[in-house]
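Residue numbers (full-length UniProt numbering): 1 to 117.
These aren't lab readings, by the way, just hints derived from the structure by calculation. All clues given are correct.
Pairwise CB distance ranges, derived in the manner of DEER restraints:
(1) Gly10 with Leu76: 15 to 23 Å
(2) Thr62 with Thr87: 39 to 47 Å
(3) Asn67 with Gln27: 43 to 51 Å
(4) Trp18 with Thr87: 17 to 25 Å
(5) Ser15 with Pro63: 33 to 41 Å
(6) Gly100 with Ile43: 32 to 40 Å
(7) Met1 with Ile83: 21 to 29 Å
(8) Ile43 with Pro23: 26 to 34 Å
For each residue, glycine too, the CB sits at the ideal point set by N, CA and C.
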Amino acid sequence: MELIVAMAIGVLAASGTWLVLRPRSFQVVIGLSLLSYAVNLFIFVTGSLSIGHEPVVKPWLTPNLENYTDPLPQALVLTAIVIGFATTALYLVLLLAARGLSGTDHVDGKDDEEPEQ
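Please build the complete structure, drawing on both the sequences and the hints.
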């Protein structure tokens, strides 16, 4: 289970980094979203992966790492998801404004150079 989650985090981070380095602004926004998903998943996993266990230790269970999943990373990820949606909306508004002002969606405001013939 940990290997699959680690691979998912790696794929999300690699894809996000590749998209952030692209010249078009929409790809940069999608890349930033993928990077935030990778970070959120990483923070969520730090609370320990356990399936079928209670998030808070019951009185009859021994309070050790096998019976306890830390709820703090889950709360932090939930907050980060909400903030991520707001910043993505802000990025999209800025993207549309920049496209309206410059007429292109390239990050530097310049179109691809035409190949010389």
